[in-house]
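Put chain B on the given structure of chain A with help from the hints.
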Amino acid sequence: MRFAVCFKQVPDTSAQLKVEPESLFPYPRGYLRVANPYDEFALEEALKLKEAVGEGEICLFSLDWESVEETVFHGLAMGADRAEVLAVKHKPDKPLHPIQGAGLLLDRIRRFEPDVILCGARAVDDDAAQVGSILADRLGWPQVGGIEGVRFDPVDKQIVAKCRRENVFDVYHCPIPCVLTFLRGAELPRYPSVTDVMSVQSKLVAEEAAEIEAVDDGWQRIRLYAHAKERRKEIIEGEMDERVETLLDRIGKYTSVEI
Amino acid sequence: MAIDFTLTKEQKELQKMARDFAQNVLKPGIAEADRNPDPWEGFLANHEVYKKAYDLGLCFSFIPKEYGGPGASTVDILIASEEICVVDPGFACTLLVNGLGLFPVIWWGSEEQKKKWFSKALNDPDKDFIVSWVVSEPEGTANFDHPDKHPVGLQCTADYDAKTNEYVLNGKKMWNSNATGWEKKGADMNIVVARTDRTKGGKEGLSAFIVPPGLPGYHVDEVLQKMGHRTSVAPRLTFDNVRIPAENLIEGSEGNGDLAISKAFMWSGAVAGAAAVGVMRAAFEEVLDWSKNFTAGSATPIIHYQNAGYMLGNMKMRLEAIRYLSWKAAHLLDIHDYEAIEACVYAKVFGGETAVEVVSDAMRLMGINAYLNDYPLERHMRDALCFPIYDAGNMGMQRRKLHGLMAHPSYNSQAMAENVPLEFAKHEMHGIDVVPGHDVKK
Chain A
7 MRFAVCFKQV PDTSAQLKVE PESLFPYPRG YLRVANPYDE FALEEALKLK EAVGEGEICL
67 FSLDWESVEE TVFHGLAMGA DRAEVLAVKH KPDKPLHPIQ GAGLLLDRIR RFEPDVILCG
127 ARAVDDDAAQ VGSILADRLG WPQVGGIEGV RFDPVDKQIV AKCRRENVFD VYHCPIPCVL
187 TFLRGAELPR YPSVTDVMSV QSKLVAEEAA EIEAVDDGWQ RIRLYAHAKE RRKEIIEGEM
247 DERVETLLDR IGKYTSVEI
Chain B
640 MAIDFTLTKE QKELQKMARD FAQNVLKPGI AEADRNPDPW EGFLANHEVY KKAYDLGLCF
700 SFIPKEYGGP GASTVDILIA SEEICVVDPG FACTLLVNGL GLFPVIWWGS EEQKKKWFSK
760 ALNDPDKDFI VSWVVSEPEG TANFDHPDKH PVGLQCTADY DAKTNEYVLN GKKMWNSNAT
820 GWEKKGADMN IVVARTDRTK GGKEGLSAFI VPPGLPGYHV DEVLQKMGHR TSVAPRLTFD
880 NVRIPAENLI EGSEGNGDLA ISKAFMWSGA VAGAAAVGVM RAAFEEVLDW SKNFTAGSAT
940 PIIHYQNAGY MLGNMKMRLE AIRYLSWKAA HLLDIHDYEA IEACVYAKVF GGETAVEVVS
1000 DAMRLMGINA YLNDYPLERH MRDALCFPIY DAGNMGMQRR KLHGLMAHPS YNSQAMAENV
1060 PLEFAKHEMH GIDVVPGHDV KK
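If you read the sequences in order, they're chains A and B. Whatever position you read off the first sequence (first residue = 1), add 6 for my numbering. Whatever position you read off the second sequence (first residue = 1), add 639 for my numbering.
In isolation and in its complexed conformation, chain A is listed as follows:
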């Protein structure tokens, strides 16, 4: 069985991001990069499906306009068999539209001829949560979203996916081929072993140049700004009723968000 895993590089989730004036990117120079944690869950589930089926190939697909080398290395160390890196020639001056990102991936993923495409439900940087759905739509494949764990049903040759909805679980049977997007997995993503790390060099990383095509459907990021952080303190005095009133007033002002 062939598994395509979309593996996005994002800023380290513990990094302090800075919004630079005139930029639509929230990434300061030299920020630490990691694999999108939701994509790590997707890869972990792909590895488990491959182990359960007993054969197959897992290929990572990653877009690159700054180096994604270390992120891809991490995915290969976790156990992916190979990777395809789509090197975007010119860094865009604004964030990619999800249709642009999915469009670039779609072409390459199609050529890989996967049985299952696995993605994180969203990426922690832009939270667009659209790439998986766009891929499913373009391919005309079924998609299950917000998954917390999957298994392969060898009798009916289908995927069984468990998704959390509030406090209950939905379980879906999904035919192959399909697109699966993950909120988490049955277990945390594995740590690569020393041997896994040392054997990455023998795995194939194919790099291909990619051009971004313009998309105009009216969707664009127009402004990026940081939530203003201000420390204030005030001692509210007066009678109890008066103090409660003043307090409510202050809370009201504090919580109103200006856009």
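Since the hints were made in silico from the structure, they are not lab data. Don't take each hint at face value.
Stretches of chain B that chain A covers, calculated by requiring three or more beta carbons in the stretch to come under 8 Å of a beta carbon on chain A [unchecked claim]: (1) 695-703; (2) 999-1010.
Straight line, CA to CA, 16 Å or less: simulated EDC-like cross-link-like pairs of lysine to aspartate or glutamate [what the hints assert, rightly or not]: (3) Lys648(B) to Asp202(A); (4) Lys655(B) to Asp202(A); (5) Lys655(B) to Glu76(A); (6) Lys759(B) to Asp694(B); (7) Lys651(B) to Asp70(A); (8) Lys704(B) to Asp202(A); (9) Lys209(A) to Glu649(B); (10) Lys865(B) to Glu680(B); (11) Lys655(B) to Asp18(A); (12) Lys24(A) to Asp132(A); (13) Lys54(A) to Asp121(A); (14) Lys648(B) to Glu248(A); (15) Lys704(B) to Asp973(B); (16) Lys753(B) to Glu886(B); (17) Lys690(B) to Asp763(B); (18) Lys691(B) to Glu193(A); (19) Lys865(B) to Asp673(B); (20) Lys651(B) to Glu76(A); (21) Lys691(B) to Asp763(B); (22) Lys100(A) to Asp70(A); (23) Lys691(B) to Asp202(A); (24) Lys766(B) to Glu822(B); (25) Lys690(B) to Asp767(B); (26) Lys766(B) to Asp694(B); (27) Lys648(B) to Glu75(A); (28) Lys666(B) to Glu687(B); (29) Lys655(B) to Glu75(A); (30) Lys259(A) to Glu240(A); (31) Lys955(B) to Glu925(B); (32) Lys651(B) to Glu193(A); (33) Lys651(B) to Asp202(A); (34) Lys955(B) to Glu924(B); (35) Lys1065(B) to Glu822(B); (36) Lys802(B) to Glu886(B).
For the chain B half of the interface with chain A, some residues (derived, Cβ under 7 Å), not all of them [stated by the list, open to error]: (37) Phe660; (38) Pro709; (39) Ala711.
We put the beta carbon where it would ideally sit given N, CA and C, even for glycine.
Using the frame of chain A, we list chain B on its own:
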């Protein structure tokens, strides 16, 4: 540019894996294991964690690829070890003693010995294969290379019995990390250095053996009640006619047990430097965070006072210096076939002694609260105090080796800076300072 401290992709990934493992798997149980009054239980508390480390290849990362191991370099091992030592140098000690014991097999073992034992180490179905390093003795070990014959120097004997083609071990040992194994029957491999020729001194009469677990006469008398490193285990042992097949004599170590001791403690010197860095890092991070939040009753956190700021700077610069000194030692081990005595002594001696100073400064900066076991600094101090005196003590062995090297006419003081190999010459350099006023050349 010849000097480049950029980590490779492999090293960054190992660092991330070791950090994730240390913070998420190891850390949750450490404070409790450290405080367990029973040192045996404190050791066993990490049995499951050890199995996870085994799965990740952290227990035997150094076994060469040609024998099926991951083939990590010494620099790789240091980078991963630092992350584990930030959380607990005791558990790291358990892992790294596997190296202390197995390197003599890598260096002096026969092909059959390597194939047989490395395969066992790497393919344990229980995932808890553990190796011990059994050198130290209750009467003292530092003068192992004393020129006098038995019973001066190492006293434990291994007499050859020609009738059965076995060696018979007798004597007492102490401080032998991992030598309990998980069931007090010995580790899966116990690397024992003993006197095979009672008529000769320490430079000719010692050899190293592989002692399997569960042999009659192998007694674990006591698990030592240590001040720090409480998650590692060190027992007192008695060998009472322990019979081991002659094939378990590590082939090239016959009459070279002194070299096995020196060279293994050379490798571990670089690793001990990384352990010191780990503990300094833990203490520094703790007190940096404290300084940014604790006001000591004033209007601002204490980091805004010059004294606190400068103390933090002094701590960090020492930590960084030891890190790169240790990396240099590890790099020299990697490029010179594990011969880098000078740099390894510096990493061990300077690293360990600096760690005590840095943790002490961290405690002074935090103030009296550091003396409480509510905070981890007292544990870091108990752990750090071990560094200058364990693993071939800085006074008894490490400085003595350095003296032997420097006193020799061939000593090249620029060799370390210029990456020139510096061989430790057994006959000319061992044996210095073991008799007051003794000249090694005699």
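Quick rundown of the hints versus the structure:
1. 695-703: holds (count 4)
2. 999-1010: Coverage by chain A is violated for the segment 999-1010 of chain B (0 residues, Cβ < 8 Å).
3. Lys648(B) to Asp202(A): holds (13 Å)
4. Lys655(B) to Asp202(A): Within the cut-off at roughly 13 Å; holds.
5. Lys655(B) to Glu76(A): Distance of about 11 Å is within 16 Å: holds.
6. Lys759(B) to Asp694(B): holds (14 Å)
7. Lys651(B) to Asp70(A): violated (19 Å)
8. Lys704(B) to Asp202(A): holds (13 Å)
9. Lys209(A) to Glu649(B): holds (13 Å)
10. Lys865(B) to Glu680(B): holds (13 Å)
11. Lys655(B) to Asp18(A): Given that 16 Å is the threshold and the Cα spacing comes to 12 Å, the pair holds.
12. Lys24(A) to Asp132(A): Within the cut-off at roughly 14 Å; holds.
13. Lys54(A) to Asp121(A): Holds, at roughly 15 Å.
14. Lys648(B) to Glu248(A): violated (63 Å)
15. Lys704(B) to Asp973(B): Roughly 15 Å between the alpha carbons, so the hint for Lys704(B) and Asp973(B) holds.
16. Lys753(B) to Glu886(B): holds (12 Å)
17. Lys690(B) to Asp763(B): holds (10 Å)
18. Lys691(B) to Glu193(A): With Cα atoms ~15 Å apart, Lys691(B) and Glu193(A) stay inside 16 Å; holds.
19. Lys865(B) to Asp673(B): holds (10 Å)
20. Lys651(B) to Glu76(A): Holds - the C-alpha atoms of Glu76(A) and Lys651(B) are around 8 Å apart, at most 16 Å.
21. Lys691(B) to Asp763(B): Status holds; Cα separation ~13 Å.
22. Lys100(A) to Asp70(A): holds (15 Å)
23. Lys691(B) to Asp202(A): Distance ~15 Å between Lys691(B) and Asp202(A) Cα, so the pair holds.
24. Lys766(B) to Glu822(B): Holds, because 15 Å separates the two Cα atoms, which is no more than 16 Å.
25. Lys690(B) to Asp767(B): holds (5 Å)
26. Lys766(B) to Asp694(B): Between Lys766(B) and Asp694(B) the Cα gap is close to 7 Å, so the pair holds against 16 Å.
27. Lys648(B) to Glu75(A): Given that 16 Å is the threshold and the Cα spacing comes to 8 Å, the pair holds.
28. Lys666(B) to Glu687(B): holds (13 Å)
29. Lys655(B) to Glu75(A): holds (15 Å)
30. Lys259(A) to Glu240(A): holds (14 Å)
31. Lys955(B) to Glu925(B): holds (12 Å)
32. Lys651(B) to Glu193(A): violated (24 Å)
33. Lys651(B) to Asp202(A): With Cα atoms ~13 Å apart, Lys651(B) and Asp202(A) stay inside 16 Å; holds.
34. Lys955(B) to Glu924(B): Holds, because 10 Å separates the two Cα atoms, which is no more than 16 Å.
35. Lys1065(B) to Glu822(B): Violated, at about 37 Å.
36. Lys802(B) to Glu886(B): Since the Cα atoms of Lys802(B) and Glu886(B) sit roughly 14 Å apart, the hinted pair holds (cutoff 16 Å).
37. Phe660: holds (6 Å)
38. Pro709: holds (4 Å)
39. Ala711: Holds: closest Cβ of chain A sits about 6 Å from Ala711(B), inside 7 Å.
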